[in-house]
Amino acid sequence: MIAALVAALPADVDAAAPRPMAGGRKAAERALATIDPVAYAASRNHLDGAVTRLSPYLRHGILSLDEVRNHALAKVADPRQAEKFIQELAWRDYWQRIYLAHPDRIWNDVEVYKTGFDASEYDTELPADVVEARTGVACIDQFIAMLHETGYLHNHARMYLAAYVVHWRRVRWQAGAAWFLEHLIDADPASNNLSWQWVASTFSKKPYIFNLDNVAKYTGHDINTRMSDNRVLACSYEQLSELLFPNLEPAHG
Amino acid sequence: MADLIWLHEGALRRTHPVFAMAAPGTPAIFVWDRARLAAGHVGVRRQLFIAETLAELELEIHDGDATVLLPQLAVAHGADRLLVPASPDPAIIGQLVMIRQAVPALTVEQVADTAFVTLSQEPDLARFFRYWNKARKAALRPHGV
Ligand SMILES: Cc1cc2nc3c(=O)[nH]c(=O)nc-3n(C[C@H](O)[C@H](O)[C@H](O)COP(=O)(O)OP(=O)(O)OC[C@H]3O[C@@H](n4cnc5c(N)ncnc54)[C@H](O)[C@@H]3O)c2cc1C
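Protein chains in written order, with our numbering: chain A, 1 to 253; chain B, 1001 to 1145.
Do not rely on the hints blindly, as some may be mistaken.
Now the stretches of chain B that chain A is said to cover, found in silico as 3 or more residues with beta-carbon under 8 Å [claimed, not checked]:
#1 1019–1032
#2 1096–1107
Covered stretches of chain B (chain A as the covering partner; in silico rule of three or more C-beta atoms under 8 Å from a C-beta of chain A) [what the hints assert, rightly or not]:
#3 1003–1014
#4 1035–1046
#5 1067–1077
#6 1122–1129
Since the hints were derived computationally from the structure, they do not count as laboratory data. We put the beta carbon where it would ideally sit given N, CA and C, even for glycine.
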């Protein structure tokens, strides 16, 4: 079966090469042994920060949240040093609880959009240039390529991509969520779809948006954050709010 | 009483409590259910990850529809109880209902994973921080109690 699956992989994937996040309990235990909750707290928002890449193992029950938390606690002198990391594990627990209690929320808007637009004003399909990583917004195209080529994205890149799709392109979150599920190795209906709803504002008080300064702050030199290559992101938050949500009242007052 | 374990893609480890619930030596089965994987948007990369994990687990692997295969396998193994790691996935829950209907004599039990936190009251799930404020103390202790 593995041979057949390897044969079905895109030509650019070398299944024999050592990959981060290979399947199996042994690979999971190796990844678990390297976690550093203190470094995590300091750097987790950065694309090259000390994130753990444990998500595919947690998603498939190869590791339990309980054992990962216990392991993190054993690595620190005071539990509060592992709090940031454990709080992120708790996000997974939280989404799973919602999935069990309200399975209908996985594909339906939990609340209305707080963007000044009705759900019917959003496209139901992903534009072709998004799927093909040729939006013309350099950093966005790089994140899309990363998703397609590796099956993994840092949390911040997921937030940027989701916000770009929903708010810049005005596409319903469901279309983006289904696309992520097809590509992510950690694809989880609860963590993924409810995060998309959080970005979209159908499960949060306001839409999540970002600007180019924010991308530049959290990414390294390998991500192109030149203004000329990312024009639609190169704005202040006030300008972006007016541009993306013209029906909303200005926030200040 | 003979047991049979159905391990699905949400619980791929030998230390899951479902094994402690079963009699020693109980066979564990994984069904490569293409229709369910496709309906769940499971892409090729994730399929490879799951297959690699299965290769290490040494389970009985069957290719087909879980609702057809599991009743047959339960009969073949002389099992009167099917133990399944608890899942929030409506597709898996729906398949369990169909298996129960197909073999009324078979007891089907879902076994919860070890809890991340044990809370005395159901938390308010309306927003993360309402849940976290209730869960934080236990979450920062070993075993979440
Ligand atoms: C739009 C969007 C889609 C997402 N889709 C998924 C998905 O399909 N599957 C998935 O597991 N996570 C998803 N996440 C959450 C998060 O981005 C990933 O869990 C995390 O980036 C995985 O990388 P890591 O293991 O290095 O995380 P770390 O930062 O090292 O965190 C450790 C673990 O905590 C859990 N975790 C951390 N952050 C979150 C979070 N925000 N929500 C839920 N769990 C979290 C994960 O299990 C993760 O493995 C999504 C987030 C967004 C914004």
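Against the structure, the hints come out as follows:
1. 1019–1032: violated (count 1)
2. 1096–1107: violated (count 0)
3. 1003–1014: holds (count 6)
4. 1035–1046: Since 7 is at least three, the answer is holds.
5. 1067–1077: violated (count 0)
6. 1122–1129: holds (count 3)
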